[in-house]
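Residues per chain, in single letters:
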Amino acid sequence: MKTGMNSLSEMGRRNFLGNVTTGLMGVGLQQLLSGHVQAGSIGNPHFPAKAKRVLQIFCPGAASHMDLWEHKPMLEKMHGKPLPGEENMVSFQGKNGPLMRSPWPFQPAGESGKMISSMLPHMSRHVDDIAFFHGMHSKTNTHGPGCVFVNTGHATEGFPSAGAWISYGLGSMTDNLPTYVAIPDVRGEPPNGKANWSNGFLPAKYQAIVMAAHKPIRNLQRPPQISEKEEAVTGNLLSFLNHHHAAQRASESELQARISSYELAARMQLSAPEVSDFSSEPAHIHQLYGTDSANSLKSGYARNCILARRLLERGVRYVNLYCASRASGVDGLLNWDAHKTLKADYERHCPVFDQPTAALLTDLKQRGLLEDTLVLWTTEFGRMPTNQQGTAGRDHNPDGFTLWMMGAGVKGGTSYGETDEFGRRAEQNPTTIWEFYSTVLHLLGLDYKQLSWYHNGLDRRLTDVHGHVIRQVLA
Amino acid sequence: MKQFWYFAALFFGVLSIGYSVDFVKDIQPIFESHCYDCHGAEKQKSGLRLDVRSRALKGGEYEGPNIVPGDAEASNLIHFVRGDDGEKTMPPKGEGLSVLEIKTLEQWINDGAIWPEGVDKVTLKDPREHWSFQPLNPQAVPTTKDRGFPRNAIDHYILTGLKAANLSPNPPADKRTWLRRVYLDLTGLLPMPDAVAAFLDDESEEAYEKVVDSLLASPRYGERWAQHWLDVVRYADTHGFEVNTPRPNAWPYRDYVIEAFNSDTPYDRFIREQLTGDLEGKDSATGFLVTAAALLPGQIGKDEESKRLARQDELGEIVNNVGEAFLGLSIGCARCHDHKFDPVSAKDYYAMQAFFSGVLYGDRELPNSKYEEPAIKLARMEAELAKQLPSAMSGVERGQVNVVLNVERFEPVVAKKVRFTVLETMAENRREACIDEFEIFDTSGRNVALASSEVKVSASGSRIQPGRHELPFINDGVYGNSRSWMSDKVGTGWVEFEFAESQKIDRIFWGRDREGKFGDRLAVNYKIEVSNDSGGWKRVADSTDRHLFQQKHIKRHAFHKEAFPAAVRSSATKLSAERDAFVKQHPGGKQMVFAGQFTSPEPMYLLRRGDPEQPGEEVAPAVPEFFGSVSLPREAGDRDRRRTLAQWVSSPENPLTARVMANRIWQWHFGIGLVETANDFGLSGVEPSHPELLDWLAAELIHSGWSLKHLHRLIVLSATYRQSSQYRSDGMAVDSGSRLLWRYPSRRIEAEPIRDSMLLVSGSLNLETGGPGFDLFQKRGGLSGFPPVEVFKKSGFRRMIYAHKIRMERDAVFGAFDCPDAGQSAPLRRQSTTPIQALNLFNSQFTIDQSELFAKHIISIAGDEVAEQVNYAWQLSFSRSPDPDERDDAISLVLSHGLATLCRAIYNSNEFVFLP
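Chains U and B supply the protein sequences, listed in that same order.
Numbering of the first sequence is given in the working numbering, commencing with residue 1 and proceeding in unit increments.
Numbering of the second sequence is given in the working numbering, commencing with residue 1 and proceeding in unit increments.
Calculated from the structure, these hints are not laboratory results.
Keep in mind that this is a model prediction, so the values were computed, not measured.
Cβ atoms here follow ideal geometry from the backbone N, Cα and C, with glycine treated the same way.
The reader is advised that the hints may include incorrect statements.
To be verified - Over 12 Å on every C-beta distance to chain U, these chain B residues come out as not near it, computed from the model:
#	residue
1	I30
2	G70
3	E397
4	D488
5	G685
6	V866
Unchecked claim - Derived BS3-like pairs (lysine-lysine); straight-line CA-CA distance at most 30 Å:
#	chain 1	residue 1	chain 2	residue 2
7	U	K449	B	K552
8	B	K527	B	K561
9	B	K552	U	K340
10	B	K145	B	K210
11	U	K449	B	K517
12	B	K416	B	K504
13	B	K125	B	K347
14	B	K387	B	K590
15	U	K343	U	K139
16	B	K347	U	K139
17	B	K517	U	K95
18	B	K45	B	K88
19	U	K449	B	K43
20	U	K95	B	K552
21	U	K95	U	K343
22	U	K449	B	K45
23	U	K139	B	K88
24	B	K538	B	K387
25	U	K95	B	K307
26	U	K449	B	K58
27	B	K555	U	K95
28	U	K340	B	K527
29	U	K77	U	K449
Make a model of the complete structure from these sequences and hints.
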């Protein structure tokens, strides 16, 4: 077994044809598993912090706060009556009808007795670990700008996502896997696609690599028509050409960097399939997540949840996990955008989301990973307390919605902020996404004011020119 | 204690506080402890800053002066700290000011608010003195003693900088290296072996100039340099955001930019054309105004707030583009508040927006003969389709009458006149009949009814609505309800066409609304008659053989599948679908361009905190006050507005315009600008490394008649550019970033030149220019999820600038090489090196396919001899012969695994992808 490229000259270039190696650049699996590989750069946090990695779950389509997380008894009481003061409200898709109660009862959960939708029986077991932000509000009521706003802190396209910022701020913890991974749902990418995990104007190394249990990293493996041996000798010749070229250009660091990138790629070729191979996962883990479900959406998402855990375990800094996808011809079919048939839509989405997500949280906790992992649950905005006129669904509501976080450094069993009694507008402690991310960065040991990148006239930040750490949710 | 102060204050309050207030001793500490957190050096909420005299006396953005010397009661500062207006009590958090402190402030203001000069703990740099806002000041070129190095003025400037740092330049690069460098730099393609040989053989000094002249004259130059500009203006072929619909007519702007670079359009004209090209016969140029992502009408919320916000965002993007691309100013930062660094107030910002408040995002007809083909192509398709429909009065039932397009086919007949008589309109004759266009074709397929062919039109009577319904509109060649004829009687009426000469005709097209928007006023019972010179009318078609009219199918045009006889139905339906797609892209048979629509400007208001729901005073178009007094009255029309702005931006007197572009050109040659922040010449930008050189280049740009090719020639023929890129420890120690240019900064080439050069050496590069882009993905727009094209055909072997660019979706193979996503302006390509790049370039289907083609290409020229093949591979890829070690290894690889294997390794090599 040959070692890495740097020692190529030692063994003499003549040997390159004779050595058959497993990877793109001749890095062996054994070397990889023996821990011989140096960890990559770790950026320096601005101050010590517990959280080292982030799992961000995103439910695209604007998942309803008042049907999942924030109990609004007034909707029961005033079901069918007009929303006081906004009787003729026109929102995103048009006119609104009267107030509409949630189709399912809420139930108290945990020691805190937090009221949570009965559609989320598994998630309800985690409420004592969660800090809810019930007073969120957004500046847009449109899915595309809304998704990028919640992911990048800007409602226009082209800004770096939170995962890119944090990869830039904290660097990598592994040389074998990407720093930042986005896991799209089995149903496809979310609204606005890759803009949600873009590096924007940050260097390309901070963009998310897309992979899922159902979808390996593109171009990861050698093409089928190339034999293992051919792959190896091609890599060896390339290595020889590059070293030969670099030898005449001493200390050109860019040339060395590019040579190293092929080594990193080779490591990734070996570790990425290992991370996606669930054969070592025991049966009770599969059962916990629900990978055996007859519902293929649920089992698909459950596998992605296991993948998320395995990535975090192996040192991936930021995992962006999606539950549901883009819009479809029928609103609410492929994602949480329940315009017309809320009950039917969420009876499809909640069972997909509930058990696997709760299992992932349980699993992170039982492995001790929650000690240094911060979990975020996000969506682009909320929904109206009224029905959309003539339907049994709810229209977009940018003025009030819920996000939550749990894990490293977070005070569980907290509810920060509140919408009004109907769930229409953030009323108590209204919170912006900038404050949410100020808090996230703080939990990671980063000062939201210092984490910046100069671009086109401004030191750009994840929290734009805003921000404020919400101390009430810190443990 | 508190009580004591309270009474003491009351007591002093009545009598005033009884001693004279000193700013430094009494006032500054109050500000420091209560106000600086939000109104000091760090933050200036509402634009108010209380730690600097000039700013404090000016006041904040919204409340006017907060301190009125001599009048505490008129000073907002006092109202705020006293809490007169409950909501705005200052400070908003923590303990408020004590009564004594308030009284002290009151007295200080009443005494004249004396704030001595020189007591501030910080001094603000006066933004007006910022270097880039000063007029160009080109100095005499410095002379340097080193006679060996300089080739032109540039080198004297660079050498002066190097001497000051005790550095010397590198020796010149060898000729081969320089040639690869200048080819990749100017055209984005590698030099081919014959060009290398010719240059190496030519030992004259003019050899360099000849190469540069030929590259600048090559169309490949524009294809390379237009990409730089498209990066800056964030060009894409989709609208962006969630729905990311195709923008099928954006490409004429891309082609315009390529052509502008190729023809060396003077840069001042290039600016003017992009702002007012509609007035200068360059319609596609105004694509510049609308390059940004935008929400389409259906994607914006139905609530009024959403509509206003979307419109603000559209206008905001235009100002961003003008500010960043032309002026290197982040004017957009003043949308919510006065610019934090630069002399651009929020009012200035909205005054800038006002120049564009008549611009709408949308397609416009491209009135350019070069693009007339669509009309011809559509006519040909429709004639072909019409042929397959049953003739009128042939005994075969025809499709029902519809609003969009009805076809009447008959045996060829010689006619002097044609008359269409309405006998009945839909819905029991409720309304007058309407016809938007009536087309009569001769047997050669020409529309002989057009007004332009001297046809006389008459009618039974016309209901006139000026500009909308008039008789001449029936044969004006323009479709749609807004240019149509309407009868003056409900249910009936006729219209008659008389040709100047008799015509042999066999087909008529007519419709109520060819755009298909209206579903009323349709003639459901009619007859068509012709008459020749001898008089007498002959019926050629009527509605009696048409399928019974059903309102639900009112928009099924003549080429609906039901209308075709079974024998031809499947082939005709396919052609009909092609026609529909074509019409969608070329409404009215016209080539459209996504270059904005121009209407009368809407009023513009200063928006508080950038919020469209908080309009303040109305503003008129004006350039930022600091830059001059160019302004227009509020009544000014759209053209005047854009023209005025264009003149100001493109003026040689504008201190920013020439500097910004000269710097961009420099940056694209050397990888880094003289000013590193190419889009920001404001106060937060980086100062130039060589200010005198920048001014000299900017002046050269202007004096050459704004010729970009002049700058290219100066730069690439300089000794600075010709240096080797060799590292040197003394240079690295002093200037590791090579800002002083002691070496030529070598770097990886961008995505486009990598892909294009791979195609070039494999012999598969398709040099077709212009027109709609080729596909990198399996769809051209739409909701997320863009499966990439894996195997490309010939059209996919075009240069990458001709790819249909999906916003926010980077190419699956080359996007990882720092391709911008067309979200925000990209003045500079970052140079990342990532394992994903390695995986893509090593394993992608594209590389595997190209390696095969590369191998075939080599064999076709070098023959079967492996040594020859290896040698030729090196000539093509590296512009040199392999050295013996390389050759031996390459030959063994080819012998054991084939030539394509070698080609794949070459494509991935550093030497292939680095600008040497």
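Verdict on D488/B as a residue remote from chain U, using beta-carbon distances over 12 Å: holds (39 Å)
Taken at face value, is the distance from the CA of K88/B to the CA of K139/U at most 30 Å? holds (23 Å)
Take a quick look at whether K145/B and K210/B sit within 30 Å of each other, Cα to Cα. holds (29 Å)
Take a quick look at whether K416/B and K504/B sit within 30 Å of each other, Cα to Cα. holds (9 Å)
Are the Cα positions of K95/U and K307/B separated by 30 Å at most? Holds. K95/U to K307/B sits at ~15 Å (cutoff 30 Å).
For the pair supplied as a hint, K449/U and K517/B, is the alpha-carbon distance within the 30 Å limit? Roughly 53 Å separates the two Cα atoms, so the pair is violated.
Would the hint linking K77/U and K449/U be met if the CA-CA limit is 30 Å? Violated, at about 45 Å.
For the pair we were handed, K340/U and K527/B, check the Cα-Cα distance against 30 Å. Measuring from Cα to Cα gives roughly 49 Å; hence the hint is violated.
Is K125/B within 30 Å of K347/B, Cα to Cα? Within the cut-off at roughly 22 Å; holds.
Agreement of K343/U and K139/U with the hint, judged by alpha carbon distance not exceeding 30 Å: holds (27 Å)
Going straight from one Cα to the other, do K45/B and K88/B come out at no more than 30 Å? holds (13 Å)
Taking the minimum C-beta separation from E397/B to chain U, is that value above 12 Å? Given a closest Cβ separation of 35 Å, the condition holds.
The structure fails to meet hints 5, 7, 11, 28, 29 from the earlier list, while all remaining hints are met.
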